[in-house]
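Participant: Protein chains in written order, with our numbering: chain D, 1 to 549; chain P, 1001 to 1250.
Derived from the structure by calculation, the hints contain no laboratory data.
Beta carbons: idealized from backbone N, C-alpha and C, even for Gly.
Take these hints with a grain of salt, some might be off.
[Stated by the list, open to error] The calculated lysine to aspartate or glutamate pairs, modelled on EDC-like cross-linking and capped at a C-alpha distance of 20 Å, are:
| id | chain 1 | residue 1 | chain 2 | residue 2 |
| --- | --- | --- | --- | --- |
| 1 | P | Lys1105 | P | Glu1083 |
| 2 | D | Lys56 | D | Asp74 |
| 3 | D | Lys77 | D | Asp535 |
| 4 | D | Lys215 | P | Glu1083 |
| 5 | P | Lys1008 | D | Asp489 |
| 6 | P | Lys1105 | D | Asp74 |
| 7 | P | Lys1202 | P | Asp1151 |
| 8 | P | Lys1105 | D | Asp489 |
[Stated by the list, open to error] Taking CB as the label site, the calculated pair distances span:
| id | chain 1 | residue 1 | chain 2 | residue 2 | range |
| --- | --- | --- | --- | --- | --- |
| 9 | D | Met55 | P | Gly1210 | 52 to 62 Å |
| 10 | P | Gly1166 | D | Gln295 | 38 to 48 Å |
| 11 | P | Phe1004 | D | Ala530 | 40 to 50 Å |
| 12 | P | Pro1190 | D | Ile238 | 41 to 51 Å |
| 13 | P | Phe1121 | D | Met342 | 28 to 38 Å |
| 14 | D | Leu242 | P | Thr1170 | 50 to 60 Å |
| 15 | P | Ile1014 | D | Ile238 | 12 to 22 Å |
Chain by chain, the residues run as shown.
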Amino acid sequence: MVQQLTTGERQNALVILLCIFVVGLAMAALGGFDPFGVHGVVVMLYSGGIAALVMKHYYDPEPAPGRQSQYYDDPIKAAIAFSLAWAVFGMFMGVWTAAQLAWPDLAFDSGWSSFGRLRPTHTTGVIFGFGGNALIATAFHVVQRTSRARLAGQISPWFVLLGYNLFCIVAVTGYFMGVTQSKEYAEPEWYADLWLVVVWVTFFLLFLATIARRKEPHIYVANWYFMAFIVVVAILHIVNNLAVPISFARARSYTIWPGVQDAMVQWWYGHNAVAFFLTAGFLGMLYYYLPVRAQRPIFSYRLSILSFWGITFFYMWAGSHHLHYTALPHWVQNLGMTFSVMLLVPSWASAGNALLTLNGAWHKVRDDATLRFITVAVVFYGLSTFEGSFLAIRPVNALSHYTDWTVGHVHAGALGWVAFITFGSLYTLVPSLWKREGMYSPVLVEVHFWLAVTGTLIYVFAMWNSGILQGLMWRTYTQDGTLAYSFLDSLVAMYPYYIARAFGGLLFLLGAMVAAFNIWMTVREAPAAAQRQADIPDTGLAPGAAPAE
Amino acid sequence: MPEFFHRKIERTAIGFVIAIIAAASVGGIVEIAPLFTIHQTVEDAPDMRLYTPLELAGRDIYMREGCYGCHSQMIRTLRDEVERYGPYSLAVESKYDHPMLWGSKRTGPDLARIGGKYSDFWHVAHLTNPRDVVPESNMPAYRWLARTALDTGDLGLHLRAQQAVGVPYTDEMVANAAADAFGQAAPDSPFAAGVTQRYGEKTQVSIFDGVVTQLTEMDALVAYLQVLGRLTDAAYANTAAPQQAPNPTN
Chain D
1 MVQQLTTGER QNALVILLCI FVVGLAMAAL GGFDPFGVHG VVVMLYSGGI AALVMKHYYD
61 PEPAPGRQSQ YYDDPIKAAI AFSLAWAVFG MFMGVWTAAQ LAWPDLAFDS GWSSFGRLRP
121 THTTGVIFGF GGNALIATAF HVVQRTSRAR LAGQISPWFV LLGYNLFCIV AVTGYFMGVT
181 QSKEYAEPEW YADLWLVVVW VTFFLLFLAT IARRKEPHIY VANWYFMAFI VVVAILHIVN
241 NLAVPISFAR ARSYTIWPGV QDAMVQWWYG HNAVAFFLTA GFLGMLYYYL PVRAQRPIFS
301 YRLSILSFWG ITFFYMWAGS HHLHYTALPH WVQNLGMTFS VMLLVPSWAS AGNALLTLNG
361 AWHKVRDDAT LRFITVAVVF YGLSTFEGSF LAIRPVNALS HYTDWTVGHV HAGALGWVAF
421 ITFGSLYTLV PSLWKREGMY SPVLVEVHFW LAVTGTLIYV FAMWNSGILQ GLMWRTYTQD
481 GTLAYSFLDS LVAMYPYYIA RAFGGLLFLL GAMVAAFNIW MTVREAPAAA QRQADIPDTG
541 LAPGAAPAE
Chain P
1001 MPEFFHRKIE RTAIGFVIAI IAAASVGGIV EIAPLFTIHQ TVEDAPDMRL YTPLELAGRD
1061 IYMREGCYGC HSQMIRTLRD EVERYGPYSL AVESKYDHPM LWGSKRTGPD LARIGGKYSD
1121 FWHVAHLTNP RDVVPESNMP AYRWLARTAL DTGDLGLHLR AQQAVGVPYT DEMVANAAAD
1181 AFGQAAPDSP FAAGVTQRYG EKTQVSIFDG VVTQLTEMDA LVAYLQVLGR LTDAAYANTA
1241 APQQAPNPTN
């Protein structure tokens, strides 16, 4: 990995790492025993560890002169490894927290291991750790292949990847210590948020510069989605995290947004984290790996345009459906509901476009577990976007809100759509990236597929049942006109479903571990494949000519 | 023809980025900006009081432990919610909340009006081990709160930051933050009088965790739980048949 950098680039990398190390040192000195100081030490260890790696290979030979005429795949490989590590960690935390709901003593009487602190380690671990690294990996891969150009930077891709993972590590270690802004899916404190802005702006510039290098006249549709993902997440992140720290030496801040306005900003952010992180980015994956795997072109260009702009425009209005019947003014609730229902059109346009792309390739869906991962992802995308529009209707929301139905809905999307499309993409990407003929074990891909499908179905059905039951018990009246059930009655009724949900999640975790093992073995053991034309970017030279540096 | 237009725009990276920003900005601007300008968004409540330093510290512990993941603080305008939890929540009640803690999930019950419904003693027993008082509960036990001294050294900084984001704490309140936190949990101490003087007669001054010698995180969290829903009586005045605000005697 370091071998791909010239001596000058190795020096630059060390300078950047030194700067980060000094920032960590300053944080540790200022913060002392406050979590802020602990995070300073984390930053020092992280940057110091990477600097040690660079120095170890500092005197290795310079890269071959033909470097610029090849795709830059090293950061992608590392991003896949990060993604899988976070998947196992995040899903394990999910199973643990799920088990705590059924057996609360599994917190072992400690602060760091209690449900409230573990929950964000699960959400951050899977959304930002697993999902985010998979998005970085596939964005770097897709933008190079569809633009037929090498990434526009040598160090910046590493800065984006390693900087992003530093953010995730600071976030998760902070939760264990109780560092949180309490904003769901935006829990990290002000200094982590500032760092993410630096990383994300670099990501944006790198992506834009790579597209500017493209040898194709048109920007491919997958890149539209990756671009929307990067740009809009930046806007959401900055606006939602505007806060005043209590001191520049403390891991605590207060958001500038008060009460009802904060609620609106938070769910504008929260819902569009779903839209632009968990939907747009992964649609980018879909629009590349589906046609590649099925060997069929995308069904309709016009549907692609319709769904892209529909999603980009409509989603941003939908956040207020998280606040039905609350103290948020009625007119905002109405707008949120209306746009949420309209959102079904572009969502199903995407899902339909993907399914129609499979026409003529359905026999492959039967035989190829990887393509089946992608197909099931599309089906769950269609189902959960329908469910989302349905739950956003105010009277439906009266029943579903605050219950496990929401949790079930989120996991239908997160497991069924996001994780399935990710694993389908990784199983397509890994052999091609490491130049292997195929995955180490197709049987294990099949095993993973069935573990994942079974786990998801058990999970989602358990939460549908518990959520609807809970909602109905809360609103059931006796003939005398009094509430029929105490809150506790509804909690007692949840226990069987909480156990089932933990079991479903466990199956899904086992599947992810099988995937990690299979990918590891593919990298180590699988036989090499011959070089293909698709592995080389367009340098404007005739094949076989010596490329210039 | 729209397709012709799109074939043009998808050939320029910068143009495409600008189009994305334009399309994505409208919704947020239309829904968020008027919330600051339309006066009716937040009701007037002249009796609205501030969190005391001890209550604010308790609120921080509530956030730190992720209580909002399982408990909402937002009673919706639905009959069963009002009958179960009390008058529906008003925007003004979270006017000074940075951030709001409305929550999104009720693994446990809503807490918007929990203040005054149970005794301090009940809260301490419940937080120490929920299953001692509610055998079927799945809430984690928070035994260590009663063993952990509350860090009052930073309270002035907290109030200063709250000032900066628009909460009307006075400089006197900031200067006395640590003393007021101690005084609120020690009714017989000389510091107790300053708390009610600065934060109002309705402030609950009490030996929350039953131990007067040490100010613990348990004191702070119970003080916060006991003030929930009691910063103003506006919600009780607003309903067709006004209910009585709970008035604890402990």
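Participant: Check each numbered hint from earlier against the structure, then list the numbers of those it violates in ascending order.
Facilitator: 4, 5, 6, 7, 10, 13 and 14
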